[in-house]
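Novice: With these hints in hand, go ahead and build the complete structure from the sequences.
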Amino acid sequence: MPNITVYNLHSSPLTLPGGHYTSAIVAGGSATFNVPDIDEFVEESRFASLLSSGYVRWEASTGGMALNYQLVSWGGGSASTTATVTGVAATDLVFATLNASTNAVYVEKAVRTAPNTVTITFSGDPGASTTVALLTMRP
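For the sequence shown, the positions run -5 to 133 when the working numbering is used.
Think of the hints as simulated: they come from the structure by calculation, not from any bench.
Keep in mind that this is a model prediction, so the values were computed, not measured.
Each hint should be verified, as a subset may be incorrect.
Restraint ranges, calculated between C-beta atoms of paired labels, are given here [said to hold, decoys possible]:
no.	residue 1	residue 2	range
1	P7	N97	12 to 22 Å
2	D119	T26	34 to 44 Å
3	P133	P109	15 to 25 Å
Glycine residues also receive a C-beta, built at the ideal position from the N, C-alpha and C atoms.
Specialist: Have a look at this one:
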């Protein structure tokens, strides 16, 4: 069974309001769940809406594979930005998808460039209010 750790990135407590996975997570804190069914966890905890808010980060591990998801917000101004991803390794796979941007650009690449750092390069300046969905995976 996989374990999922949810990190609260918001300045106030977070409550997962569902079924078997009800939990209050203090600001800056985390909670770990032993999850027999990831789809059930996502549905019961209303986790999809929490992920889209940008206030949580999660990690899952099962059979040696680790996943980390977070939403990165950025104000634009150049064609690249960095994101802090605690524990990202040089061998991790990095996936980035542009969620929102002012200008019509796309993600050219996203790579781990230093310990705990992923650099995201765009085709141009994405402009203000940019958000990127960032997933790292350790196979």
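Novice: Looking back at the hints listed earlier, which ones does the structure fail to meet?
Specialist: Violated hint: only 1; rest satisfied.
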